[in-house]
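Chain residues, written in single-letter form:
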Amino acid sequence: MKAGRSAVTAALVPGVFLAAWLVLGVVLIGASLDPAARQEVVSAVAPLVGTHGALVFGWWLVAAALGAWAVMRLHGAFVVPIPRMADATRLLAGDAGAPAVRPAGGAAMRRLGDAVNALAAERRRLGDDMAQLVADASRKAAEDRDQLGALMAELDRSVIVCTVEGRILLYNDRARALFRRLSPAPKIAEGAELIGLGRSIHGAIEPAVLAHARAGVERRIARGETRPSARFVTVAGNGTLLQASLAPVRPEAGAMTGYVLLIDDITEVHAAQSRRERHLLQLTEKSRASLANMQAALDMLDYPDLEADERAGFQAVVHDEVAVMSARLAELAADTGRDMLGRWPLQDILGADLIDAAAQRIEAATGRRAERGPVDESLWLLADSFGLTAAVTALAARLGEREEVVTLQLAPAGSWAHLDLVWPSGDGATAAAAAGWQDAPMEGEGSPSPREVAERHGGDLWLAHDRDAAVSFFRFMVPLAAGERDDLLADERPVYYDFDLLAGSEASSALDDCPLDRLACTVFDCETTGLDPGGGDEIIQIGAVRILNGRLLPGESFDQLVDPGRSIPEASIPFHGIRPEMVRGAPRIGEVLPALHTFAADTILVGHNVAFDMRFLRLKEASTGLKFDQPVLDTLLLASIAEPDAESHALEAIAARLGVPVVARHSAAGDALTTATVFLKLLPLLRERGVVTLGAAREASANSPFARLRY
Amino acid sequence: MSCKVLIADDEPNIVVSLSFMMKREGYDVLVARDGVEALDTIRRERPALVLLDAMMPGMTGFDVCEAVRADAGVRETRIVMLTAKGRETDVARGLGAGADAYVTKPFSTRDLVAKVRDMLA
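Protein sequence lines correspond, in order, to chains A and B. Take the first sequence: its position 181, counted from the start at 1, is 181 in this note's numbering, and no numbers get skipped. Take the second sequence: its position 34, counted from the start at 1, is 34 in this note's numbering, and no numbers get skipped.
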């Protein structure tokens, strides 16, 4: 109650002052008189003290009370509110959202309070405007990135964008599919060990080749060329021939900060070209030899003095060689035809689109209706859509001279589709007339027949009847497009870019100084036949996902069953749900670990109760020669640091507390995903406790009461 | 004594014409059907000149030519390469292997006879 005490003190001051003033006046008057006069005054006043002293005291008391009242008023108006308003103002200075200053005290003090409030309101408005601007800009940037991502996904060439050091910032679906084919372990990591955000492109393309191409680009830049780029051909891991062009990324035409790679797999093209060249060379050489044989024989026939049998012998040589050359030419023509087939431009097209296009063309060409019958909307065809539409239309046009309505149907048949042009059989007259139409040229002599168009697709075309349905139809067999498209569409669109890597300074700081949310992490989990790796228990499933710069990369995961080479105890099956028949034919651990090792290269490892999993990996070091020696973090220990008072640090318990949905518990990939999400949710909690860098997290983990096990 | 000429080619259709022609020119004709047989015949019979096909199964004409030049006993044998391989690289390889002449198929027999006659003169 300091304020109360100061107010009481202030109120007493006027009374004390007045009393002192009176006493001082009396003492001064007394001092100015000589002793005789003083004696007279004392004797004159002394009797009055008894009778009138109370009057003087009362007079003083009234003045003291009035003074106290006035001081109290002033104190309340100008002294008491100052510290309170100062505190409120200080709060506002720190946080514009704090409550406004409550004006109190005198009018001047109230005006001061109002002015402070106005200042705070203005600051709040500025802050809101700024936040709005930032939000707008971020949304715009996110939209741009999404558009870029969508655009890249549609490109039919493989695109990869890298930093100058070769770290991958962006890649598209095609690139992912290409590297899946290049992967030495395509069934295990699906190429995710070769291509992934933040990974080095050098895992997939020889660094020396890239360095050479970059040097070429830099020379062109130095020469002042406006569009410097370099092309190169390189052989990837499994012998695939890649042709790539490298274009620099140069902000404001300055120094190169990264590069864009456009990559084509030219293995097939190159093989076809080599095959054609080889054919040509063989033809030339063999023809030369044949011609030489004939020439020599003919020269001999010029001699007039030949015996009859000699003459017959030389003539036989000529006949023989002519037959050989004819056979060779026929063979060559057939080969060339096959190559032509391979080169015909077939493209992916949605079957339903092709049917619609054909129906429109039939109506435009014949004026007759072409109805759309049952069509499987999900089929993608690999087709020369123009040629196929023309073939269907040509047949429909001839049918249109006899039939009112034709119907188009599309149905799957294995890796093929049946595209049917159907009409009612009636008395069979139309079908009888139509026999052979499929082999007739579509437009005059020399143009291809509908059957040839079907054969360009590697398919066929025939006339058939369905007696039960009383219909006849021409059936085109058309190949279906490869299945990759469906896989990619079915997945949630993966994150394929991370431009934050451009700003990263990965080499400059040691890993321990790296903040946890700037790390590249492989979060993994193993399912095993039991709990004792030393006693013969083995890994039967490994799942892993990647985290980069605090973001989960759902498109880059690792999920592999492993043949343990031993029985799976019946008692363990409820824990992992993996039955012996599921691992039959799966790769052995010796094949899977190298893929996991590449997948986890240049990242730290994260797991829940990871000491258990690490024991299994460590035991395999001797047999595989692969060391997992990167830093390791355990979400169990991190959770015990972030929430020391929590009851349980089991994965489900932590996930429930942090609001993380648990997916497919006790499947390796599901647990890895849950652990990764938990890890990300733990990061802000750890930051509050001052654990920001990897080094701090490792040190705190080591001191955790749960850190019983070393790994 | 007449000169011995070896015809080494795996195609009977050319051998029949060449041997007929060389016999008419008065040479003693030997025939080999492949590279190994050609090299054996050269070492055994020591012909003055070989008409050597470049493309034979087993040992090619190029191989035979190199083996002959490396063998002190038969090094002086005249060698005419007859071949359907007409690219510049093939000609260079034939001459590099040590052939005295390189004739690309098809050829005029008259020219070939003239060339053989010159080389054996």
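Derived from the structure by calculation, the hints contain no laboratory data. Using N, Cα and C, we set each Cβ at its ideal position, and we do this for glycine too. Hints should not be assumed to be uniformly reliable.
[Stated by the list, open to error] The following residues of chain B were derived to be distant from chain A, with all beta-carbon distances above 10 angstroms:
no., residue
1, Glu11
2, Val29
3, Asp40
4, Ala48
5, Asp63
6, Glu66
7, Ala70
8, Glu76
9, Arg78
10, Ala92
11, Arg93
12, Phe107
13, Ala114
14, Asp118
[Said to hold, decoys possible] To give an idea of the chain B side of the interface with chain A (calculated C-beta under 7 angstroms), a few residues:
no., residue
15, Asn13
16, Ser17
17, Phe20
A quick look at each hint next to the structure:
Listed as outside the interface, Glu11 of chain B is inconsistent with that label: its C-beta sits roughly 6 angstroms from the nearest C-beta of chain A, within the 10 angstroms cut-off. Taking the minimum C-beta to C-beta distance to chain A, about 14 angstroms, the non-interface status of Val29 of chain B holds against the 10 angstroms cut. No Cβ of chain A approaches the Cβ of Asp40 of chain B within 10 angstroms, the least distance being about 24 angstroms, so the stated non-interface status holds. The claim that Ala48 of chain B lies off the interface holds: its Cβ sits roughly 21 angstroms from the closest Cβ of chain A, which is beyond the 10 angstroms cut-off.
Look at Asp63 of chain B: its CB is around 18 angstroms from the nearest CB on chain A, clear of 10 angstroms, so calling it non-interface holds up. Residue placement check: Glu66 of chain B keeps its beta carbon more than 10 angstroms from all beta carbons of chain A (closest about 21 angstroms). Residue placement check: Ala70 of chain B keeps its beta carbon more than 10 angstroms from all beta carbons of chain A (closest about 27 angstroms). With 10 angstroms as the threshold on Cβ separation, the claim that Glu76 of chain B sits away from chain A holds: the shortest Cβ distance comes to roughly 27 angstroms.
Against chain A, the non-interface label of Arg78 of chain B holds: every CB pair exceeds 10 angstroms, the least being about 20 angstroms. The beta carbon of Ala92 of chain B sits about 17 angstroms from the closest Cβ of chain A, which is more than 10 angstroms, so the claim that it is off the interface holds. With a least CB separation of 14 angstroms from chain A, Arg93 of chain B remains clear of the 10 angstroms interface cut-off, as annotated. The Cβ of Phe107 of chain B sits about 6 angstroms from the closest Cβ of chain A, inside the 10 angstroms cut-off, so the non-interface label is violated.
Listed as outside the interface, Ala114 of chain B is consistent with that label: its C-beta sits roughly 13 angstroms from the nearest C-beta of chain A, beyond the 10 angstroms cut-off. With a minimum CB-CB distance of about 18 angstroms to chain A, Asp118 of chain B clears the 10 angstroms threshold, and the non-interface call stands. Interface hint status for Asn13 of chain B: upheld, as the beta-carbon distance to the closest one in chain A is roughly 4 angstroms, under 7 angstroms. Restraint check, Ser17 of chain B versus chain A: the minimum CB separation of about 4 angstroms is within 7 angstroms; hint holds.
For Phe20 of chain B, the shortest C-beta to C-beta distance to chain A is roughly 6 angstroms, which falls under 7 angstroms, so the interface hint holds.
Consistency note: the structure conflicts with the earlier hints numbered 1, 12.
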